[in-house]
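Protein chains in written order, with my numbering: chain A, 1 to 81; chain B, 1 to 158; chain C, 1 to 765.
To be clear, the hints were calculated from the coordinates, so they are not data collected in a lab.
A few of these clues could be false.
[To be verified] Listed below are the simulated DSSO-like cross-link pairs for lysine-lysine, each with C-alpha atoms no more than 27 Å apart in a straight line:
(1) C/186 to A/77
(2) A/77 to C/181
(3) A/77 to C/172
(4) C/596 to C/509
(5) C/556 to C/633
(6) C/134 to C/172
(7) A/77 to C/423
(8) C/423 to C/186
(9) C/6 to A/77
[Said to hold, decoys possible] Have a look at the derived ranges for each label pair, beta carbon to beta carbon:
(10) A/48 to C/750: 37 to 43 Å
(11) A/23 to C/600: 45 to 51 Å
(12) C/127 to B/16: 49 to 55 Å
(13) A/38 to C/750: 48 to 54 Å
(14) C/20 to B/124: 22 to 28 Å
(15) C/592 to A/32: 37 to 43 Å
(16) B/16 to C/20: 49 to 55 Å
(17) A/29 to C/254: 39 to 45 Å
(18) C/62 to B/20: 25 to 31 Å
(19) B/71 to C/71: 45 to 51 Å
(20) C/254 to B/117: 27 to 33 Å
For each residue, glycine too, the CB sits at the ideal point set by N, CA and C.
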Amino acid sequence: MARIVLSGNLAAVTGGETEIALEVGNVRQLFQALAEHYPGLPENFAEDLAVAIDGEIYQDALLEPIRNDSEVILFPKIAGG
Amino acid sequence: MTRHHVSATVNGDAVEFLCETQQTLLDVLRNELRLTGTKEGCATGDCGACSVTVDGRLVCSCLMLGVEAEGKSIRTIEGMAQGENLHVLQRKFLEHAALQCGVCTPGFLMSARSLLENNPNPTESEVRYGLAGNLCRCTGYHKIVEAVLDAAREMRGA
Amino acid sequence: MSTTIKYEPRELKVVGTRPIRHDGVDKVTGRARYGADFDLPGQLIGKVLRSPHAHARIRSIDVSAALALPGVKAVVTRDDFAEMPEEYAAAGEIVVNFYDVTRNVMAREKALYDGHAVAAVAATSEAIAKQALKLIKVDYEVLPHVIDVLEAMKPDAPVLHEHQYTQLVTPKPDKPSNVAKRLEFKRGDVEAGFRQADLVVEREFNTKPVHQGYIEPQACLASYSEDGQADLWTSTQGHFVFRAQCAKLLQMEVSKIRVMPTEIGGGFGGKNTVYCEPVAIALSRKAHRPVKIVMTRDEVFRATGPTSGANVRVKMGCTRDGRIIAAEAVLNYQAGAFAGSSVSPASMSAFTRYDVDHVHVVAHDVTVNRPKVAAYRAPGAPIVAFGVESVIDEMAKKLGIDPIDFRLKNAAREGTQSYYGPKLGSIGFIETLQAAKAHPNYRVPLGPNQGRGVATGFWFNAGNETSCALNINEDGTVSLVLGVVDVAGGLRTALAMIVAEELGIDVDKVRPSHSDTTELGFNFVTAGSRGTFAGGMACVVAARDAIEKLRQRAAKIREVPVDAVEWKDGRAQPIQGSAHRFAPMTLAEIAKVAGKTGGTIAGHAEINAQGAGPGFATQIVDVEVDRETGLVKVLRYTIAQDVGKAIHPAYVEGQLQGGVVQGIGWALNEEYVYGKDGRLQNPGFLDYRVPVASDVPFVDAVIVEVPNPNHPYGVRGCGEVSIIAPMAAIANAVESAIGIRICEQPLSPPRVLAAIEEAAATRKA
Numbered sequence: 001m002a003r004i005v006l007s008g009n010l011a012a013v014t015g016g017e018t019e020i021a022l023e024v025g026n027v028r029q030l031f032q033a034l035a036e037h038y039p040g041l042p043e044n045f046a047e048d049l050a051v052a053i054d055g056e057i058y059q060d061a062l063l064e065p066i067r068n069d070s071e072v073i074l075f076p077k078i079a080g081g
Numbered sequence: 001m002t003r004h005h006v007s008a009t010v011n012g013d014a015v016e017f018l019c020e021t022q023q024t025l026l027d028v029l030r031n032e033l034r035l036t037g038t039k040e041g042c043a044t045g046d047c048g049a050c051s052v053t054v055d056g057r058l059v060c061s062c063l064m065l066g067v068e069a070e071g072k073s074i075r076t077i078e079g080m081a082q083g084e085n086l087h088v089l090q091r092k093f094l095e096h097a098a099l100q101c102g103v104c105t106p107g108f109l110m111s112a113r114s115l116l117e118n119n120p121n122p123t124e125s126e127v128r129y130g131l132a133g134n135l136c137r138c139t140g141y142h143k144i145v146e147a148v149l150d151a152a153r154e155m156r157g158a
Numbered sequence: 001m002s003t004t005i006k007y008e009p010r011e012l013k014v015v016g017t018r019p020i021r022h023d024g025v026d027k028v029t030g031r032a033r034y035g036a037d038f039d040l041p042g043q044l045i046g047k048v049l050r051s052p053h054a055h056a057r058i059r060s061i062d063v064s065a066a067l068a069l070p071g072v073k074a075v076v077t078r079d080d081f082a083e084m085p086e087e088y089a090a091a092g093e094i095v096v097n098f099y100d101v102t103r104n105v106m107a108r109e110k111a112l113y114d115g116h117a118v119a120a121v122a123a124t125s126e127a128i129a130k131q132a133l134k135l136i137k138v139d140y141e142v143l144p145h146v147i148d149v150l151e152a153m154k155p156d157a158p159v160l161h162e163h164q165y166t167q168l169v170t171p172k173p174d175k176p177s178n179v180a181k182r183l184e185f186k187r188g189d190v191e192a193g194f195r196q197a198d199l200v201v202e203r204e205f206n207t208k209p210v211h212q213g214y215i216e217p218q219a220c221l222a223s224y225s226e227d228g229q230a231d232l233w234t235s236t237q238g239h240f241v242f243r244a245q246c247a248k249l250l251q252m253e254v255s256k257i258r259v260m261p262t263e264i265g266g267g268f269g270g271k272n273t274v275y276c277e278p279v280a281i282a283l284s285r286k287a288h289r290p291v292k293i294v295m296t297r298d299e300v301f302r303a304t305g306p307t308s309g310a311n312v313r314v315k316m317g318c319t320r321d322g323r324i325i326a327a328e329a330v331l332n333y334q335a336g337a338f339a340g341s342s343v344s345p346a347s348m349s350a351f352t353r354y355d356v357d358h359v360h361v362v363a364h365d366v367t368v369n370r371p372k373v374a375a376y377r378a379p380g381a382p383i384v385a386f387g388v389e390s391v392i393d394e395m396a397k398k399l400g401i402d403p404i405d406f407r408l409k410n411a412a413r414e415g416t417q418s419y420y421g422p423k424l425g426s427i428g429f430i431e432t433l434q435a436a437k438a439h440p441n442y443r444v445p446l447g448p449n450q451g452r453g454v455a456t457g458f459w460f461n462a463g464n465e466t467s468c469a470l471n472i473n474e475d476g477t478v479s480l481v482l483g484v485v486d487v488a489g490g491l492r493t494a495l496a497m498i499v500a501e502e503l504g505i506d507v508d509k510v511r512p513s514h515s516d517t518t519e520l521g522f523n524f525v526t527a528g529s530r531g532t533f534a535g536g537m538a539c540v541v542a543a544r545d546a547i548e549k550l551r552q553r554a555a556k557i558r559e560v561p562v563d564a565v566e567w568k569d570g571r572a573q574p575i576q577g578s579a580h581r582f583a584p585m586t587l588a589e590i591a592k593v594a595g596k597t598g599g600t601i602a603g604h605a606e607i608n609a610q611g612a613g614p615g616f617a618t619q620i621v622d623v624e625v626d627r628e629t630g631l632v633k634v635l636r637y638t639i640a641q642d643v644g645k646a647i648h649p650a651y652v653e654g655q656l657q658g659g660v661v662q663g664i665g666w667a668l669n670e671e672y673v674y675g676k677d678g679r680l681q682n683p684g685f686l687d688y689r690v691p692v693a694s695d696v697p698f699v700d701a702v703i704v705e706v707p708n709p710n711h712p713y714g715v716r717g718c719g720e721v722s723i724i725a726p727m728a729a730i731a732n733a734v735e736s737a738i739g740i741r742i743c744e745q746p747l748s749p750p751r752v753l754a755a756i757e758e759a760a761a762t763r764k765a
C-alpha cells in the first residue's frame, strides 16, 4: 500500500490524522479514496492540492501513476504572480 | 459641444484637427490623430508615459490641452526614427535590453532625447535625475540608464 | 497528460546568447499595440460607476435618468449578471468562487470597498458616459467598515460576509467571521525545539498593501454580435483564463468567446483575473455595438490588485553556534473584500530556505473592506520573508556570526525535508549564498550612517497547461504560435531561441507570435515564473514533433528507411554508421518541396508541464540613513539568483533587477493610505510613490545556474524570486546603519524618523 502524507492543513478535517496507507493506482483514485475515508473533507479539496509522488511534484495530474511502495505527500497547490 | 479647429505641426507634418475644449493633447494625439505610440499611464503628469516635445520642450501631453497646440510643433515617438534608421537611443534601448513591457518606452525615449539635447555628456546621476519623471515598473531602470549613457557616448562620437 | 523532459546537458549555439527581442522595434517606435490601442468602427466608450463607501448595502439602483441621456446606449448593473452559486469551480484552471467573482466584477447586495463597481454605462463618447454615471442614483445604507487586518479578526468587528464561517477549524464555528480560512503546517515539536535553543528571538511585523503598479491600466475592447459570439481584445496575462472567466460569468459557451491578447504593459500578477472584460461584453451585448473600457489610474488603484497588507509574528530559536532548531510563525493576511489572499504560498515559503527540525506555521486569510487582493510576483512571500530574515539577522548579530555564514550553516539543500510537504530536489541556494559572499560589493567599506543588509528568498515556480504550434514555412522559416502570453520579460524571444536551438537554425528564422484563443488549446496564465519553464518545454515538444516529421519526410524523399536519418545542425543527414548513404537535406530544402511530398510540416505541443524547479536568491544591500529626515538612500544592490539556466541572460538580468526595484519600493515608499472613512487617499502615482530612476542604484545581477533536472535546458523560472528579499534586506541594512530594528514597512521618512526620535527619547529616559 502507498504511504499517503497529508499536509497539516487537512488535519482539522481528518480527525488529526496526517498519515494513511491506501491502495491506489493513480492520483484520481487517491482523491476518491481520501474522500471516502474522510467524509469531513470539503467537496473541492482535491482542486486545491498538489502531490509529491516519491519526491516528484505534480499539479493537475490525475492520471499520474502511484505504485504500491510509493510515498505520496499532499500539500496546497502553487500558482504565482 | 463646440469643437475648436487647431492647426499644428506633428513630426514635421502640418496637421489640422477638431477638438473639444477639455480634450488633452494626449487625447488628441491618440484619438483624433491616431498616433497611439504616446501612452496614458496616469493622466495626472506623474508617470511620463505620454511625454512629447512641444516646440522643443518636453511636456506631459496629458497636462496640456489640445487647443494649446495651435501653431506649435510637436514631436512624438512616431517621428523619432528617420526612415529605416532608428535613432541612436532607440537602437541602444534594443541592444541593452532596456525595455520589457515597453509601455513606458516611448516616454522614456522622448525624455532621454530631450535630456541629451540639453546635456550631451551626462553623468549617471544626471541621467537618473533627468529621467526621474518617467516611471518604469519592469526594468528597475538599470538597463535604461546604461542604454542612455551608451547612446550619449555614441552621439558625442566618443 | 503531464509532461516532464529531463535535463540534457549539451553544447549550445543559440541558448545563452543575447539576440534582440522580436517585439523590440515595435516597442521603441510606438507601433506596439496595447489594450487601449484597439478600436472598432461604431464603438462605444464604457465607464464604471464605483462605490464611494467602504461598506454599504445597496438598497436600490435607479438608472432611468442615465438611460434617458442622449448618446447613452446601455447601462448594466447587478441585474445583468447571473447569480453564481457559493461553490469553488474551476474555470480556466483557476479554482475560484464565482459567487465572489461575479460580486467583485459588479456589486450585488453590498459594496465592499471604496471603488467597488456598482454600475456601468456605454455611450457614444467618454464625456457622455461620464455624465451618465452622475445620473445613476444608488441608494446606499452605509455600514461600519474595517480596514486593518487585526481589527478585522476581532470578534466584534464588522463582518463583510454574513455567510462566511472560518474554514478548516474544529469544531465548526457557530458565527460568521472575517477569517475565511485557517491554515496550519507542522513539523517536529516546536515547543521542545525552543527548550533546546540557546537563543530565541521573537518579533512582530506589519506591512501595508502595495499595488503591482503596472504602467498600463487595464483596458479592453469587446464586440458581441447578434449570433451570441463575442470578440475581446484585452491586456491579460492569460487569454484562455480570461475566456473561461468571462464565459462563466456571462453564461456563454467557451467557444463563443474569442480573446485576442494585446501587448501587455506590465502585469506582475495583477492581470491574472478579469475586471472590466465581462462588463464590456455585457454592455456590448445590450448595446449591440462594440464597447471599449479603459480604466483610469484612480480606478486601477481603487479596484484592482493590490497585494495583502499583513501582520506576521515570527519566533525562532538557535544554538550558540548558529544552528536553527525551531521556527514558528503566525501570518495574518488581508484578502481584501473576498477570501483568497496569498497567505497559503506565503506560509509554505516562510522557512523553506532552511533545514529546520521543528516548525509550526499558522495562517489566517482575512476579509477586509479593501479591493480584493490579486497575485503580485511571488505572492505573499516577501512579507513573511521580511519577518523571518529580520529575525535571522538579529540572531546572527547577537551571536557575532556573519549573516551569510549563519545562513550557510542552515541552508536547505537537495534532500532537505520541507515542513509543508515534499523534500526539496536539486536546488542552488547554497550556490547563491556563496556567490553573494564572494561578490566585491560584500566588502566595500561603509561610512557613517551607512549599513549593509543581507536577506534571501525562495519561490516554488510552476508548470501547468501549455500549448504551442510551430509551422514550417515554404522557405524554411518558422512561424511559432504561442499560447503563453509574453508578459514582457522577453518570453517570445527566449522561446524562439529554444526552437532555433532544437531545429538547428538561426533565431532570426523563427518568428514568434501570440495565438488568439481559437488557434491553440488551453494555456494557463503566465504566472508562477512558468513562461520559460513550461513554454520552453512545450516548444521542445513541438520542435521534436516537427523534427520527427522532417526526418520521415527526408527519408521518403531520399528513399531510405527513416532510422537511417538523423537530425543534426538543421538538416536531415545519414545517421553515423548507417549503410544508407544519401545527400543531406536542410530544413529549407525539405520545406521547399514539402507541399508536393505530402503537405506542409508542423510541430505541436499540448502539455501539462510538471517538474518546476524552485528558485533561490541571496541579496546584499547597502543603505545610508539621513538621521535628520529619516530618508533611506539605497547605495548599492547585489542579487545572486539561481535561475537553472538563463536562456537569454540579458532578459534574466532584467527580471532580477526589476523585481529588486519593485521590492525596494515596497520596503521604502509604497503603501495604501486609508482615511477614517475607509476611502483610499492616495490613488495616484503622485502620492503612491513607486521608485524612480534617481531613487535607486545599479543592481548588480549575478546569475547562478544550477540546472533544474526536470527541464530539457535546466530552466527553473526567474521572474518572482527577486522581489522576495528586498524588504528584509533593506530593514536589516537600516538596522545596521542606525542600530534600530524597525518592524513596520514601508520605511518611509516619517516612519524612520519617528523610530530614530523614539530611540533617542528612550535613551534619554
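Inset, instruction - Provide an ascending list of the numbers of those earlier hints which the structure does not satisfy. - result: 5, 6, 12, 15, 16, 17, 19, 20
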